[in-house]
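Listed here are the chains, written in short residue letters.
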Amino acid sequence: MALQQIKNVSGTCVVVAGDDIDTDRIIPARYMKCVTFDGLGDYLFHDVRFDENGLPTAHPLNDPVYKGATVLIGGRNFGCGSSREHAPQAVFRYGLRAIMAESFAEIFFGNATTLGIPCVTATRSNLNVIREKVAAHPKQEMSIDLSLQTATFGDDVFEVSLRASARDALLNGRWDAIGELLDAGDLVAQKAATLPYFQAKSVAG
Amino acid sequence: MGKTLFEKVWDAHSIRDLLNGQTQLLIGTHLIHEVTSPQAFAMIRELGLEVPYPHRTFATVDHIVPTDQRTEPFADPLADAMIKELRKNCDDFGIRYFDIPSGRQGIVHVVGPEQGITQPGTTIACGDSHTSTHGAFGAIAFGIGTSQVRDVLATQTMAIGKLKVRRINVDGKLRPGIYAKDVILHLIRKLGVNGGNGYAYEYGGEVFDRFTMEERMTVCNMSIEGGARAGYVNPDATTYAYLKGRPYSPAGAEWDAAVDRWSSFASDPDARYDDTAAFNAADIEPTVTWGINPGQAVFISEMLPEPDAAEPDERASLFEAYQHMKLEPGHPIKGTPIQVAFMGSCTNGRLSDFQEVARFIQGRHVATGVKAIAVPGSQIVGAQCKHLGIDRIFSEAGFEWRDAGCSMCLAMNPDKLIGDQLCASSSNRNFKGRQGSPTGRTILMSPLMVAAAAISGQVTDARELFSILKKTD
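Residue numbers (the working numbering), protein chains in the order written: chain R, 1 to 205; chain S, 1 to 473.
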């Protein structure tokens with residue numbers, strides 16, 4: 001399964017302030033009543049983007065100046081909470097192509113990587129600088145280079161980092177593991193044969 | 001050098017190293033539900049893949065099911081489409097499905113253990129972050145995304161990097177009126193909501209040795225709220241006694257061999273841990289959250305924290321929490337009026353949770369103006385409660401007794417908060433909007449604390465209301 005090699009993400013940024021942004025915030029559970037992921041982009045951060053009457057709030061994603069942004073800037077422990085892939089699906093379908101944060105929750109990180117969304121980390125102090133610069137120059141594009149692990153914004157170059165396994169997967173176009181997993185052939189059956197519980201029938205009881 | 005249970009289970013299920021350095025891990029038991037599986041089946045069909053080991057996947061319906069009016073079609077057409085899709089997917093691929101008419105439907109993390117599907121020394125994956133619950137049996141259990149649900153369906157394996165292991169000891173004796181829920185809320189408060197990032201938590205010590213399986217499940221369930229993707233307790237006699245005679249447990253001659261095998265997975269006494277943490281059980285008091293993540297918690301007797309006392313860059317989070325919760329720093333949490341009480345969820349929706357509360361609420365009544373609902377975690381838990389007359393005790397006390405499901409834990413069914421209602425909840429997440437209203441507010445606590453709040457109409461120390469301190473001291 002040939003996938004695109006993701007070496008660089010460029011585009012304007014949008015800042016979502018705060019630490020511990022959870023997956024219920026990213027996509028409220030009521031929008032998961034669906035059997036496809038289509039249309040989830042419309043509900044990204046829905047309950048903080050719209051008030052009780054459905055009117056847009058002052059959320060940065062509603063600000064025309066950040067329209068078309070492809071890099072989401074978050075805080076610490078971004079994506080904590082549930083394992084819903086609906087969250088990175090909503091991020092992707094909204095049009096965002098990379099997330100930069102101080103740290104990511106484990107399951108969200110894996111889910112986003114599998115969709116080809118690089119989740120890079122930066123230090124808290126650099127993120128503070130980046131937030132200020134984005135506010136001052138919202139139309140300035142950022143360029144994230146995954147092999148150099150840098151984020152360039154105007155004349156500034158910031159160090160970012162990406163876990164080795166995710167960097168390898170994105171750079172080499174194997175961020176969706178299914179192709180490689182299917183290649184294991186007989187190894188799966190051989191391992192399964194060593195586990196008595198694996199042989200049990202599912203119709204017991 | 002000895003090994004941890006995590007390493008032993010990992011080694012027994014590792015198939016090979018993948019090119020990016022992750023491991024291809026065999027998933028022996030796969031659990032699915034209606035919310036995170038339909039897109040996975042769609043991808044399987046789209047890619048023309050098969051499900052080679054359908055007997056190792058088990059399904060039930062939990063998130064979207066109504067807990068009162070359950071005849072189909074459901075009033076909500078989206079929910080109705082989801083249950084029908086799951087039924088069709090299980091039929092098409094030959095997957096065992098605990099549907100509503102089976103009498104064995106329930107929250108996936110209640111159903112797995114009660115059916116004996118959850119076993120020590122196994123790997124378990126499910127498209128739900130609270131899959132960590134199953135670690136109570138000495139299994140390595142992960143929450144996964146929908147693409148990984150597809151991977152497990154198509155290959156019975158997934159790609160994952162090895163976790164580090166942090167041993168968490170809780171020694172000494174819990175005081176009367178302190179429950180497993182207080183223990184895990186305390187651990188998350190102390191270790192942080194992201195403290196477990198990159199780790200599996202191994203829980204041990206005297207408190208866990210004495211805990212029942214249901215108490216162990218309550219703690220393991222919320223590992224993910226501390227950032228740990230998996231949490232587990234080593235299997236012991238308590239584990240085996242729970243599993244004996246369950247529908248999917250080994251039986252006859254296979255039983256003894258299974259127990260021997262299970263015991264061999266327990267961490268060795270000289271196992272090396274990447275990190276350790278120790279707590280004294282006697283220090284733990286009834287713990288309640290006050291903010292918008294499970295780490296923002298206080299003892300019931302404490303005042304709410306002053307943002308000024310926090311690190312400067314933490315203050316914004318505290319202000320946001322106060323603004324949402326409409327609470328004041330420096331004030332007690334005790335006495336905060338509530339409008340809704342929710343008793344249930346994969347954290348605290350098991351028989352012992354309802355039994356414990358029933359001991360205390362007989363002859364008392366939910367306060368005027370409080371809506372209180374009790375939702376068993378499975379149809380079997382519901383039937384056991386009926387058999388023991390527990391449902392009647394709850395009903396007579398003014399709780400609405402419901403049918404099994406996730407219900408108001410995440411409000412994907414009709415059970416929701418309205419406006420900024422404040423809910424005393426035995427569930428696991430207090431995120432903004434979690435219980436169905438964007439402005440709704442959640443205070444997490446133990447089941448008995450929920451009952452105390454329901455009866456007094458405000459956040460209350462259950463030990464005082466139910467004279468637990470007087471009775472036992």
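Just so you know, these hints were derived from the structure itself, not from any lab. Backbone N, C-alpha and C fix where the C-beta goes; we use that ideal spot for every residue, glycine too. Incorrect hints may have been included.
[Said to hold, decoys possible] Among chain S residues calculated to face chain R with C-beta under 10 Å, some are: (1) Gln148; (2) Glu225; (3) Lys326; (4) Leu327; (5) Glu328; (6) Gly433.
Hint numbers the structure violates, sorted upward?
-> 3, 4, 5
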